[in-house]
Amino acid sequence: MEIYHYLAVSTIVFTIGMIGVLIRRNIMIILMSLELMLNAVNLNLVAFSRLWGGVAGHVFVIFIITVAAAEAAVGLAIVIAVYRHRQTINIDDIHLLKW
Amino acid sequence: MEAILFWSLSGLTILFAFLVITSRNPVHSAVFLIGTLLFMAGLYILLDAEFLVGVQVIVYVGGITVLYLFVISLIVLKRIPLESPVSRQWPAAVVAVIALLVEVVYFLVKGDEFFASFHARKMVYGTGRTQDIGQALYGPYVLPFEIATVVLLLAIVGAVLMSRKPEPQESSVES
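Listed in order, the protein sequences are those of chains A and B.
According to my numbering, the first sequence is numbered sequentially starting from 166.
According to my numbering, the second sequence is numbered sequentially starting from 578.
Hints are computed from structural coordinates only; laboratory data are not their basis.
Heads up, a few of these hints could be off.
Short derived list, chain B residues pointing at chain A, Cβ under 7 Å [stated by the list, open to error]:
(1) 641
(2) 670
(3) 710
For every residue, glycine included, the Cβ atom is placed at its ideal position computed from N, Cα and C.
In isolation and in its complexed conformation, chain A is listed as follows (with noise of 0.2 Å):
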């Protein structure tokens, strides 16, 4: 397989969360899109290592996973704590610092 094909999966999973950001209102499955969109650019990156022949890409995508971890971390525990105090998770209503 070429190059190109791994590119236009990539693409497609990332434009696939993008919509998945925009049109959710769950802030759940807000955070999993965004998985969505960070798994396609490792994709992305294992696949040109391959083309050039270097390791660069598959450190990169170690430290992308090292920085999802510590995202979905900290992004759950904001959940369970705007869950605590408003009862809800749909984004819609989480609206404290809009005027």
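Starting from the structure of chain A, add chain B where the hints point.
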């Protein structure tokens, strides 16, 4: 053989990713997310990245999605009404996605001679050897590696601090 594997894996990845954002129940979304990540790991195998397959399965499937499921079960689902998959904000979403599509197509067309250099190269085999990754992590990438440990420590502290139950304002309990 490789073509069959690639097309089936990529089709399943895209299908499950689509199901993640269209299912009404967050639990179903989390399970479909697990499927997406596993099929993505299959694509990594096709790309000769065996170490990343292990990392993906252990960290993503075993760690992050289980964390999502824990949080979903902490939040009582009965009190959350099932939402419609499409919100009232979908026209803006359509505009943003069309903008992204136009950008990608523009770069594909304008970057034609850049992509033409790909034709000369074939994919290199054997790039993802675990030994090479380890030597790179502890060699030229040792500073980002150390910073990643600090990021993880901060994430642990932040998660514990924010998800902890708020203490009552005046504690009437005398010991």
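Task: Indices of hints not satisfied (ascending) - done: none
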